[in-house]
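Take a look at the letters that make up each chain.
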Amino acid sequence: MATLPAFLLRWMEATRPEADAEPAETRAQRDPYKLRALPQDDLFFFCKKIDNSRLVREADPRAKSACWSAIGMASLVVAILAGVLVPGAASTNSGYRLESLRAEERRLTDESRALDLQEAELLSPARLDQLAHNQNLVTPKPGQVFHLEGDRPGAAVAMVKKR
Amino acid sequence: MVERRLIVLVVALAVWSAAIVRKLVWLQLTQHQEYARKARQRQEIPRVLPAPRGNIYDRNGEPLAMSLPTQSVTVNPLKLPDLGVAADLLEQVLHMQGSGLYDKLKQACDKGRGYQVVKRQITPEEAENVRALPVDWIEIESASQRHYPKGTLAAHVLGGVDHAEKGNAGIEDALEKTLHGEPGQELLLTDVQRRGIASRQAIEPKPGTPIALTIDERLQFVAERQLAAAVADKGATSGSVVVMNPSNGDILALASYPAYDPNEPPETAEDPRRENHAAGVPFEPGSVFKVITVSAALETTGLRPETPIDCGRGSITLFGRTIHEAEAHGGYGVMPMAQVLIHSSNVGAIRVGMRVGQQNMYEYMRRFGFGQLTGIPLPGESRGKVRKVPQWTATSLASVSMGQEVSVTTVQIAQAVSVIANGGMLVKPRLVLKRGTETVPQEPAVRAIKPETAFTMRQIMEGVVEPGGTGFPEARLAGYSAAGKTGTALIFDFKTKRYTHNYNGSFAGMAPLTNPAIVVVVTLNGTHGDLGYGGRAAAPVFNAVASEALRLTDVPRDLPEDFSKTLAAAKAEPASDLAIAGLGAGPNILQDGDDLEKPEEHAIAVAIPGPTVPNFQGMTMRDVLTAAASRGLTILPDGSGIARVQYPPPGAAARQGERIRVRFAR
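Chains D and Z are the protein sequences, given in the same order.
For the first sequence, the numbering used here gives the first residue as 2, with consecutive numbering after it.
For the second sequence, the numbering used here gives the first residue as 226, with consecutive numbering after it.
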């Protein structure tokens with residue numbers, strides 16, 4: 002892991018006036034066969050193990066108590082704030098939902114009315130009559146319908162005589 | 226030193242805090258109202274709560290008129306930065322290229338008008354496009370638009386509305402207060418993105434009350450179709466049909482021709498298509514009015530249906546005025562009063578009318594509802610014209626007796642015929658069945674004539690649709706008994722002050738006879754020639770409309786279906802109420818069925834002649850059943866008492882399995 006001093010040193014070197022004054026030597030002049038360095042190529046990362054097992058924290062009941070008190074107070078404050086703010090927030094949220102639902106209701110009501118109108122137009126007697134004529138469905142004239150007595154009592158068959 | 230600095234700091238903080246507190250107090254206490262109002266103004270937007278105009282339904286709940294929300298685009302021409310740019314922009318967004326919008330805006334601007342409707346009834350897509358425009362001089366207004374989904378159906382009943390959805394004709398106009406809705410308003414609290422958070426109702430919307438008419442759209446359609454066909458076929462100029470329930474006065478159909486589409490109404494109020502010929506255009510009824518004459522005679526004189534009336538061989542001279550029968554066929558001699566009505570004898574009606582007298586005639590015209598508004602809620606309803614007795618001339622009684630010098634509407638005739646159909650009660654026609662969920666109460670009926678008079682008139686009028694009658698065979702219904710009266714009145718030309726050769730052909734009838742469920746009145750105006758008589762022109766419409774009405778109202782048949790065809794064979798030539806001489810009294814099917822000896826040739830191939838049908842007339846039910854059983858016949862009895870009518874007629878050969886219908890009456 003690169004350390005902060007390493008970065009600082011690099012930055013200081015880069016911003017040094019002398020360095021800017023020196024004539025720049027190109028990479029080809031330095032070593033024509035050397036590839037360009039990758040970013041942070043010159044940094045090396047290592048792990049340093051630190052053993053803190055010998056350090057033992059001194060017991061401090063007062064500090065512990067104060068800490069717990071602070072936590073309790075903070076929790077109380079959070080609970081109070083939540084109790085005060087949450088209903089308002091929920092109310093606002095519900096308001097959004099309610100207005101959204103009302104808008105939806107109005108839209109659906111309008112849509113329903115439009116569909117009712119469309120249905121009424123489609124079921125217009127004039128249109129149905131035209132469709133029936135197209136399908137050769139016409140009301141039989143009185144003389145075209147007659148009833149035949151069936152074999153069983155009460156049985157009857159209605160027929161239409163073609164004219 | 227440190228303390229001094231601390232004190233300065235504290236003082237500075239205190240001053241700073243005091244300044245803040247002061248400002249807060251000023252803002253939140255002193256200026257609270259003002260800033261709260263400004264906040265509301267910015268955060269709350271008013272929104273119109275629609276209150277649609279009440280729908281109009283027929284008696285079965287089928288919608289005849291509906292309102293749908295719509296939007297219109299308006300601008301303030303005085304605030305437009307550039308008229309040309311604005312016109313181009315709006316024409317492109319609203320798809321109205323070439324509409325001359327620039328000229329309209331320029332004209333409005335020149336006249337100093339701050340309001341101009343750019344387009345009404347825009348589509349949702351167009352509304353979205355307009356809202357997306359980053360300009361503040363365009364407004365989208367919400368409105369409501371009236372639709373008539375059935376087109377021309379019942380146009381004269383429904384009427385129409387103007388641009389502001391205010392009724393301007395028909396029921397829409399008459400019931401404007403009921404149908405009109407009052408839109409409300411709510412204030413919507415919005416966030417910075419104009420999303421609604423909460424709303425409160427500022428003005429409560431009051432939707433219009435829906436109404437249900439007594440009209441049956443199926444029957445209305447049939448009436449209009451048949452009327453239009455008859456007008457075209459007979460060369461008439463206009464016509465009307467009224468179908469009415471005589472018991473409660475419900476108008477089941479009210480058709481007028483020519484018609485129009487209320488969705489695209491005629492531009493001028495004087496357009497002839499707007500005229501409601503059924504209720505708003507009175508005419509001389511002609512022979513239909515003889516029903517009133519005979520009814521009055523039955524009530525006020527000793528005349529009975531069988532009383533002989535001298536018809537003067539075709540003419541009568543009164544105070545120097547000679548009145549003829551409609552057409553010279555030698556005229557009628559002496560005939561029973563019933564036959565005067567059946568044959569529609571003018572001279573006979575005049576003789577009867579003279580027995581009734583002026584005062585009684587006037588009294589009975591009023592009793593039958595003539596010369597008065599029927600009360601149906603249609604603007605422009607005519608009360609017709611019935612002159613008071615002091616205004617009558619010497620020959621007025623004669624004229625009125627045969628339906629002249631009096632003008633009536635088709636609705637009034639339907640009301641009058643209903644009196645005879647329902648047993649003598651004058652029932653006011655009803656056009657509105659329900660307002661909201663409440664049924665419109667029926668006005669109490671008033672007795673106009675005695676029940677026995679009504680029954681007698683029904684029997685006489687039945688003769689009109691039977692052989693020899695002026696309405697036969699066109700008005701004879703298949704499967705139902707019927708009664709009626711034809712009418713053919715010459716149309717008076719007000720320019721030449723003379724009667725023309727064009728007619729008002731009409732037919733007023735009822736069915737079934739025993740307990741009439743419907744009354745149908747048909748009038749065709751401007752017919753001519755032999756086929757323009759009421760019996761030829763209007764009776765077929767009565768037949769078609771009445772048959773459909775009886776089927777739709779589930780009225781059980783009281784005669785065989787092919788009854789009329791059998792009777793039609795007995796008809797040698799068409800009779801009319803103008804040319805009826807020479808035709809003798811035809812056989813009354815209720816009294817004499819002997820003329821119908823030959824049963825109709827039936828289409829059933831397996832029809833095998835059975836036993837001869839005996840004459841049951843005058844026999845009791847027990848005797849009829851016994852006689853039928855002895856011949857192996859099956860009887861379908863109807864009613865009680867003495868056998869009056871039978872079918873097949875006596876002497877006919879019953880087909881195998883055929884049942885003999887016998888109607889009994891006391």
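Keep in mind the hints are simulated off the structure, nothing from the lab.
The structure displayed is predicted, hence computed values, not measured ones.
Please note that the accuracy of each hint is not assured.
[As the list claims (entries may be wrong)] In silico negatives: residues of chain D with every beta carbon more than 12 Å from chain Z: (1) Leu9; (2) Ala15; (3) Glu26; (4) Tyr34; (5) Lys50; (6) Thr93; (7) Gly96; (8) Tyr97; (9) Arg114; (10) Leu118; (11) Leu123.
[As the list claims (entries may be wrong)] Partner residues are not named here, just some residues of chain D that face chain Z (Cβ under 10 Å, in silico): (12) Gln30; (13) Glu59; (14) Arg63; (15) Ser66; (16) Val87; (17) Leu99; (18) Ala104; (19) Asp117; (20) Ser125; (21) Asn135; (22) Gln136.
[To be verified] If you anchor each label on the Cβ, the simulated ranges turn out as follows: (23) Z:Ser865 x D:Leu129: 24 to 32 Å; (24) Z:Leu756 x D:Asn135: 42 to 50 Å; (25) D:Glu105 x Z:Thr739: 41 to 49 Å; (26) Z:Pro491 x D:Ser92: 54 to 62 Å; (27) Z:Asp361 x D:Ala115: 29 to 37 Å.
Note that CB positions come from ideal geometry on N, CA and C, so glycine has one too.
Evaluated hints:
Interface exclusion of Leu9 (chain D) from chain Z stands, the closest Cβ pair being 37 Å apart, more than 12 Å. Distance check on Ala15 (chain D): its Cβ is at least 44 Å (rounded) from any Cβ of chain Z, clearing the 12 Å threshold; non-interface status holds. Every CB of chain Z lies more than 12 Å from the CB of Glu26 (chain D), the least distance being 58 Å, so the non-interface label holds. No beta-carbon of chain Z is positioned within 12 Å of the beta-carbon of Tyr34 (chain D); the least distance is around 63 Å.
No Cβ of chain Z approaches the Cβ of Lys50 (chain D) within 12 Å, the least distance being about 49 Å, so the stated non-interface status holds. Distance check for Thr93 (chain D) against chain Z: the nearest CB is about 6 Å away, which does not clear 12 Å, and the non-interface claim fails. Under the 12 Å C-beta cut-off, the non-interface status given to Gly96 (chain D) relative to chain Z is violated; the minimum distance is some 4 Å. A Cβ of chain Z approaches the Cβ of Tyr97 (chain D) within 12 Å, the least distance being about 6 Å, so the stated non-interface status is violated.
The claim that Arg114 (chain D) lies off the interface is violated: its Cβ sits roughly 5 Å from the closest Cβ of chain Z, which falls inside the 12 Å cut-off. Look at Leu118 (chain D): its CB is around 5 Å from the nearest CB on chain Z, not clear of 12 Å, so calling it non-interface is violated. In this structure Leu123 (chain D) is not separated from chain Z by more than 12 Å, as the shortest Cβ-Cβ distance comes to only about 9 Å. The restraint placing Gln30 (chain D) at the interface with chain Z is violated, with a minimum CB-CB distance near 61 Å, outside the 10 Å limit.
Restraint check, Glu59 (chain D) versus chain Z: the minimum CB separation of about 35 Å is more than 10 Å; hint violated. Taken as an interface hint, Arg63 (chain D) does not check out: its beta carbon lies about 31 Å from the nearest beta carbon of chain Z, beyond 10 Å. A least Cβ separation of about 33 Å between Ser66 (chain D) and chain Z goes past the 10 Å threshold, and the interface hint is therefore violated. This hint is violated: Val87 (chain D) has a C-beta 17 Å from the nearest C-beta of chain Z, more than the 10 Å allowed.
A cut of 10 Å between beta carbons decides the hint on Leu99 (chain D): the least distance to chain Z is about 7 Å, and the hint holds. Taking 10 Å as the C-beta cut-off, the interface hint given for Ala104 (chain D) holds, the closest approach to chain Z being about 7 Å. With its C-beta approaching chain Z no nearer than about 7 Å, Asp117 (chain D) sits inside the 10 Å limit, and its interface hint holds. For Ser125 (chain D), the suggested interface contact is upheld, since its CB lies about 5 Å from the closest CB of chain Z, less than 10 Å.
Among the interface hints, the one on Asn135 (chain D) is violated; its C-beta lies about 16 Å from the nearest C-beta in chain Z, farther than the 10 Å criterion. Checking Gln136 (chain D) against chain Z by beta carbon gives a least distance of about 18 Å; that is not within 10 Å, so the hint is violated. Distance hint check: the CB atoms of Ser865 (chain Z) and Leu129 (chain D) are about 42 Å apart, inconsistent with the given range 24 to 32 Å. Under the hint 42 to 50 Å, the C-beta atoms of Leu756 (chain Z) and Asn135 (chain D), about 31 Å apart, miss the expected range.
Roughly 58 Å separates the CB atoms of Glu105 (chain D) and Thr739 (chain Z), a value that falls outside the hinted 41 to 49 Å. Between Pro491 (chain Z) and Ser92 (chain D) the CB atoms are about 56 Å apart, so this pair conforms to the stated range of 54 to 62 Å. Between Asp361 (chain Z) and Ala115 (chain D) the Cβ separation comes to about 30 Å, which falls inside the hinted range of 29 to 37 Å.
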